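Each protein sequence line maps, in turn, to chains A and B. Straight run, no breaks: the first sequence in my numbering ends on number 245. Straight run, no breaks: the second sequence in my numbering ends on number 385.
Hints are computed from structural coordinates only; laboratory data are not their basis. A quick note: this is a predicted structure, and the numbers were derived from the prediction, not measured. Warning: the hint list may mix true and false statements.
If you anchor each label on the Cβ, the simulated ranges turn out as follows [claimed, not checked]:
(1) B:Glu155 to A:Asp146: 29 to 35 Å
(2) B:Glu155 to A:Pro185: 51 to 57 Å
(3) A:Ser105 to B:Gly310: 47 to 53 Å
(4) A:Ser105 to B:Glu234: 38 to 44 Å
(5) A:Glu87 to B:Glu284: 45 to 51 Å
(6) B:Phe103 to A:Leu184: 51 to 57 Å
(7) B:Glu328 to A:Lys191: 51 to 57 Å
(8) A:Asn186 to B:Gly310: 34 to 40 Å
(9) A:Glu53 to B:Gly235: 31 to 37 Å
Under the rule of at most 25 Å between Cα atoms (straight-line distance), these lysine to any residue pairs were calculated in the SDA-like manner [claimed, not checked]:
(10) A:Lys243 to B:Glu328
(11) B:Lys356 to A:Glu23
(12) A:Lys28 to A:Val216
(13) A:Lys239 to B:Gln364
(14) A:Lys237 to B:Val371
(15) A:Lys148 to B:His143
(16) B:Lys200 to A:Glu23
Where is the CB? At the ideal position from N, CA and C, for every residue including glycine.
Residues per chain are reported as follows:
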Amino acid sequence: MKILVAVKRVIDYNVKVRVKADNTGVETANVKMSMNPFCEIAVEEAVRLKEQGVASEIIVASIGPQQSQETLRTALALGADRAILVKTDEEVQPLAVSKILKELVNKESPDMVILGKQTIDGDNNQTGQMLSALLDWPQGTFASKVVVEDGKVNVTREIDGGLETVALQLPAVVTTDLRLNEPRFASLPNIMKAKKKTLDETTPDELGVDISPRVKTLKVESPPAREAGIKVESVDELVEKLKNEAKVI
Amino acid sequence: MTTLVIAEHTNSELLPSTLNTVAAAKFLGNDIHVLVAGHNADSVAEAAAKVEGVAKVIAVNDEKLEHALAENVANLTVELAEGYSHILAPATTFGKNFMPRVAAKLDVQMISDIVSVESDDTFKRPVYAGNAIATVQSADNVKVVTVRATAFDAVAAEGGSADVDSKTLSSGFEKSSFVGQELTESERPELTGAKVIISGGRGMQSGENFHMLEEIADKLGAAVGASRAAVDAGFVPNDYQVGQTGKIVAPELYIAVGISGAIQHLAGMKDSKVIVAINKDEEAPIFQVADYGLVADLFKVLPELKEAL
């Protein structure tokens, strides 16, 4: 079984994001970038499926600037077999991302595509579902467990109020939630080996996908700041304030 | 111009997130239609017809819709989409699951998780875990939008008298099926709808210690939540998680116990009306957003709080 995993290079999740003074976006100059955490979980899941003997090949793809190569090398070091960079310096919105991935699916014919449920920059949570719709494939989103058997994949999903399990005929799209697995760290020998693995490059143009944005960002602002309140000395004082001042209990 | 709102429900009950979504739809100023796609969900369609501001309810009854599988709900929505200028659903796991499918089939760039309606094509939405708010404008003919429920005050559940129009699902999607569900059983209110929430973090030290929060929750009629650190540590299941990667809440009162206040947690609760923080580390960032802070050992404070309530 062949698995395609899509990954994105984003501002590292430990970085405190700052809005630019001219309100056009957030500061990205000299900011640490990393693989989106949900994408790391997607790579890890694919690698585990390969280790279980379920998957035979893992192809990892990323869409973005030249530096996205680093993200792809990270995925290769974690255990992916080869990589494809769809190079562009333009903003690519989820609909366009899913159209590009659809073209890659048509070329590579994977049995499963695994993606993170969302990236921590745009927080859109759209690409996996959109790709699945464009391919008319079944989808298992927000996965906390993935079991492949008999041409099917059972996906246990994190939903409001608990868990739900769906059975999907392969090929299918799976998006990862936090509890699916804990990604490993790449070992030094594997980082060295990853440098020799194949990394092909293409562009949205070569794939015939129009990536012009449909949604325009007019302004990016800091959220309204919340003022710190007061410190209370005791539980009694706290309860008194909540009853008589805030009037919430 | 007409707006279609996709109702979230349990086949027997209309969920409150639908009322918040209708509230967002009202800002658009169009006629509002509500789609109730389910199985034996007549009571839901009746409830939707009574919601303030709803002009028409479209009820589709089919056993293939019983579990709201994304593929079926999306295909149905696409079939019904003609004539609508806006399609809205709550940004819950229900809406997030199927709405991008609708958008892709309509060749529309969806707008996720809006917190305000600026005009018929312009919306505000949080990005970077709520560390920035983007104002975005859609150039697509149809706007496909999910709505952050806590950002809009619910419309009244009573007062309307819309007609209910029954339609059928033309065909089901064969490649996916529902296997089962494990819902967390709880007498307490749902996190996203609770007026009071008490949440525990890594400071709780174990899952067993969460019973101290539960006892207080029962006195306050509160829901129990947790930080991602507490979930990652295995103290409680993931559906307790409040934060950018969990649930977004905005209760009247939020009590954070043993939670340091990581950005990702704050993103999920900072719109609460009153925030109380209990933490022994006085430098914890949670105190920067708390209305009332108590620097103390939670294991001493919680029994006292239980007594005092």
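Right, here's what the structure says about each hint:
Evaluation of the 29 to 35 Å hint for Glu155 (chain B) and Asp146 (chain A) yields a pass: the beta carbon distance comes to about 32 Å. Under the hint 51 to 57 Å, the C-beta atoms of Glu155 (chain B) and Pro185 (chain A), about 54 Å apart, fit the expected range. Under the hint 47 to 53 Å, the C-beta atoms of Ser105 (chain A) and Gly310 (chain B), about 39 Å apart, miss the expected range. Take Ser105 (chain A) and Glu234 (chain B): their Cβ atoms lie about 54 Å apart, and the range 38 to 44 Å is violated.
Checked against the given bound of 45 to 51 Å, the beta carbons of Glu87 (chain A) and Glu284 (chain B), roughly 48 Å apart, stay inside it. Our hint of 51 to 57 Å for Phe103 (chain B) and Leu184 (chain A) holds, since their Cβ atoms are close to 55 Å apart. As the Cβ distance of Glu328 (chain B) to Lys191 (chain A) is approximately 56 Å, the hint placing it in 51 to 57 Å holds. Between Asn186 (chain A) and Gly310 (chain B) the beta carbons are some 28 Å apart, a value that contradicts the proposed interval 34 to 40 Å.
At about 59 Å, the beta-carbon gap between Glu53 (chain A) and Gly235 (chain B) misses the expected band of 31 to 37 Å. For the hint linking Lys243 (chain A) to Glu328 (chain B), the alpha-carbon distance of about 10 Å falls within 25 Å, and the restraint holds. Pair hint Lys356 (chain B) plus Glu23 (chain A) does not hold up; C-alpha atoms about 34 Å apart against a cutoff of 25 Å. Note on Lys28 (chain A) and Val216 (chain A): the hinted pairing holds, with a Cα-Cα distance of about 20 Å set against a maximum of 25 Å.
Pair hint Lys239 (chain A) plus Gln364 (chain B) holds up; C-alpha atoms about 22 Å apart against a cutoff of 25 Å. A threshold of 25 Å between alpha carbons decides the hint, and for Lys237 (chain A) with Val371 (chain B) the separation of about 16 Å falls inside it, so the pair holds. For the suggested pair Lys148 (chain A) and His143 (chain B), the alpha carbons sit about 19 Å apart, so the restraint of at most 25 Å is met. With a C-alpha separation of about 19 Å, the suggested pairing of Lys200 (chain B) with Glu23 (chain A) holds against the 25 Å cut-off.
Hint compliance for this structure: hints 3, 4, 8, 9 and 11 are not met, and every other hint is.
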